[in-house]
Amino acid sequence: DVKVTQSSRYLVKRTGEKVFLECVQDMDHENMFWYRQDPGLGLRLIYFSYDVKMKEKGDIPEGYSVSREKKERFSLILESASTNQTSMYLCASSLQGTYYEQYFGPGTRLTVT
Amino acid sequence: AQRVTQPEKLLSVFKGAPVELKCNYSYSGSPELFWYVQYSRQRLQLLLRHISRESIKGFTADLNKGETSFHLKKPFAQEEDSAMYYCALGTGGSYIPTFGRGTSLIVHP
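So the sequences go chain by chain: A and B. With positions in the first sequence counted from 1, the corresponding number in the numbering used here is that position plus 20. With positions in the second sequence counted from 1, the corresponding number in the numbering used here is that position plus 211.
Hints listed in this document are in silico derivations from the structure and should not be mistaken for laboratory results. We put the beta carbon where it would ideally sit given N, CA and C, even for glycine. Hints may be right or wrong, so weigh each one.
[What the hints assert, rightly or not] Short derived list, chain A residues pointing at chain B, Cβ under 8 Å:
| id | residue |
| --- | --- |
| 1 | L61 |
| 2 | L63 |
| 3 | F68 |
| 4 | L110 |
| 5 | Y119 |
| 6 | Q122 |
| 7 | G125 |
| 8 | G127 |
Isolated chain B (complex conformation) (with noise of 0.2 Å):
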């Protein structure tokens, strides 16, 4: 069956150090991988999808099928990235993505 794992519950970094979630994944087949975020108060929501490629607010996460990974990564982090961040996985085969537990980062001043 798939899987998510974030490791770590809680990460905390301070303001323009360098940020990395991690997110393993087990599924055999051709994944889709997403990151979703819920900012403080807010609803939870789509931050990035790995067939986009895209960078949004910094952030930029590669699909590693080697490792099975798929890292959300910043340079540089800033105070309003504080949030509950979540890896999610789409297998084909299912209507419904496999979601990790998440990981709540913390960027102090």
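Bound-form chain A, shown alone (with noise of 0.2 Å):
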């Protein structure tokens, strides 16, 4: 079984705070992603990497950054929060050649307040 683990499944933070959301999964993945989940809106893509120390922009990406310096880590930083990046934050991985079918991992509810 795939296996995509976040680092915290709750996590409140002050506004203007630098906040990291670490996602790890162990199958070797190529792919990795990560997504906010907000009601009404679905998924939205914030950034994706195809490879260690690739990273592309996604849909939503003003506001974040992120790094892949292992395959099997992914990291998404919130450089100064506000509370508008209140939200669900899901983190997702694939293989290549698979690019669709995801396995998420648990999510990160983040508050900022």
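Can you join these two chains into the complex? Each is in its own frame, and there are hints to help.
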């Protein structure tokens, strides 16, 4: 079974703080993704990575950055958290060649106060 | 650009009733279609893929290229089917699936 884990289930941060969300997958997947999940808006892609040190912007990259130094780990960074970044953050991974069959982590519910 | 439309935000049915969650897509090429499901307090997971033509948990979905649809159906809904369902489209030219906004299915006892 593919396991995608995220560092925290719940996180509360203050406006202006730098926030790190970590994601680790254990199945040697090439592709990794970060999404926001908001009611009524569905899943919105923030960033994705198709290889170590490679990253591509998704639909809503503003206010976020990412890091992928190792194949199994993909980090999402909120440089200066704002209240409109309060959301559920989902990490996912997929194999090269079966890009659309994504395996998701449990999510991190981030609240910025 | 490709798009996935799930016209219903919420679908409410009684146990034993048939259920159909609608998904329409826009893409001129050969699509790959998927349904994902998220049960309460669980992670989002793949439910089924059109290419497999499979039935999972009693759900089926048929790709209709003429109507550009991939509706998810189940003849007799169960309470445990209550969840958020997302339709997703793959277009072959991108690593990234396009997700619909999701439909929340509630099955009442």
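Now the hints, each set against the structure:
| no. | hint | verdict |
| --- | --- | --- |
| 1 | L61 | holds, 6 Å |
| 2 | L63 | holds, 4 Å |
| 3 | F68 | holds, 6 Å |
| 4 | L110 | holds, 6 Å |
| 5 | Y119 | holds, 5 Å |
| 6 | Q122 | holds, 7 Å |
| 7 | G125 | holds, 6 Å |
| 8 | G127 | holds, 7 Å |
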